[in-house]
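S.K.: So you can see what is in the structure, the chains are spelled out below.
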Amino acid sequence: MGEFLLVTIQVDMQDQLALRLQDDLTRAIEKKGAKGVLIDISALEMVDSFIGRMIADISAMARILSAKTVLVGMQPAVAITLVELGLSLPGVATALNVGRGMELLRESLRNSDSDDNFLER
Amino acid sequence: MPKGILAATLQQRSQKILAQWLKQLEHGAAISKARLSSAELSRQAGEFLTLLTDAAQSNDITDISGPGWLPVRSFLEDLSRKRVLAGFSSDETATFIFSLKRPLFEALQEECGSGDIAKLSNVLWAATELLDKFGLHTVKAFQASREEVIGRQQTDLLELSTPVVKLWDGILALPMIGTLDSARTQIVMESLLQKIVETESQIAIIDITGVPTVDTLVAQHLLKTVTALRLMGADCIISGVRPQIAQTIVHLGVDLQGVTTKVNLADALALALKRTGVSFTKQ
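For the record, the sequence lines run as chains A and B. Mapping of the first sequence onto our numbering: residues 1 to 121, in sequence order. Mapping of the second sequence onto our numbering: residues 1 to 283, in sequence order.
Rather than coming from a laboratory, the hints here were simulated on the basis of the structure. Be careful, since some hints might not be right.
To be verified - Listed next, with one range per pair, are the computed distances between beta-carbon atoms:
no.	chain 1	residue 1	chain 2	residue 2	range
1	B	L217	A	L85	15 to 25 Å
2	B	G253	A	R53	22 to 32 Å
3	A	D48	B	I187	15 to 25 Å
4	A	R53	B	Q283	52 to 62 Å
5	A	N111	B	E148	26 to 36 Å
6	B	G258	A	V11	43 to 53 Å
The model shown is predicted, which means the values in this text are computed figures rather than measured ones. Quick reminder that beta carbons are idealized off the backbone N, C-alpha and C, glycines included.
Next up, chain A with everything else stripped away, as it sits in the complex (with noise of 0.2 Å):
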């Protein structure tokens, strides 16, 4: 993926492996000079307000590293789930897919000069 990183969640998360998950992410993205980050969550047919906190989070740490977050693949059902737990995600960007999400990111970068508007919602 060249510049940009690739996380795919599987399984549910507890408290552990999600801080295990921010620091490996955080490392790697300094260390590869990543500028994107994609979370692939199109596995996860449940979500929990720990797990929409966690990819809020994982969102900023990216941010402030100045990478951009796109996350993708969220199931309907998900969606729904979120929504009536009042977590709207906001700052974090969404895609439908992997490849809708490379394409988003792959735009950022070149609007990078205006890199702060597109993303954010």
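Position chain B relative to chain A; hints supplied.
M.R.: Chain B in isolation, oriented as in the chain A frame:
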């Protein structure tokens, strides 16, 4: 003893009772409105009388909730259900039972003879109570069946009234007719999001021309749908915003959170096409 006389009368005089009962029923609405054939009606009456006679032989006639009366109760529930579907009213259905009273009373009178008035009045009272209970049971079953039909129609209506249409590659439209309550919102979200996944669409246009009023609750439901769409990486445009709605939204202080709104579907479509990089030229 009332039970004994009633059971015996039913057993011994059933032919005559049935014949007279049918005569009563034939004059009733069922035949005159031609919703039930003569043959079908006499079959129903015959079956009920047989079940009633059998059950009365060995069961307590003051309590119809016992297991021995189950065949009679089931028959009446089935009858009610059929009559609901055939368009009968509840009183027409109950009359089926009540018109049995006169033939039954006459038979009881014959059985008791002209001797003991007290005995006769006791058994008449027992008979009337029994038939009243069955009449009420029939009405109750009728109501329940009706409500079942209404419930089913409501579900159908709910599903039919939220179609998701594909306007163009990557552009879906959801024309909403009627008010938006939480049950409807759930269905809308599910079908819309599912369609987004299936068609890999990027933009959904929700047209609210057919929504009579937008109050804070409706606005909340709309925004929920918009948020869910965003989480899945799609964009949303709300079209069909009428002047009254615009006023209401501002007066209520509803925050549309940056959702693009358009007055009509045409404008929304034009914007959606622009966003997806499609343009048309006139020849």
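S.K.: Now tell me if each hint is right for this structure.
M.R.: Do the hints match the structure? See the list:
1. Under the hint 15 to 25 Å, the C-beta atoms of B/L217 and A/L85, about 19 Å apart, fit the expected range.
2. The given range of 22 to 32 Å is respected by B/G253 and A/R53, whose C-beta atoms sit roughly 29 Å from each other.
3. As the Cβ distance of A/D48 to B/I187 is approximately 23 Å, the hint placing it in 15 to 25 Å holds.
4. About 55 Å separates the C-beta atoms of A/R53 and B/Q283, a value consistent with the hinted range of 52 to 62 Å.
5. In this structure, A/N111 and B/E148 break the distance hint of 26 to 36 Å, their C-beta atoms being roughly 58 Å apart.
6. Checked against the hint of 43 to 53 Å, the pair B/G258 and A/V11 fails, with Cβ atoms roughly 35 Å apart.
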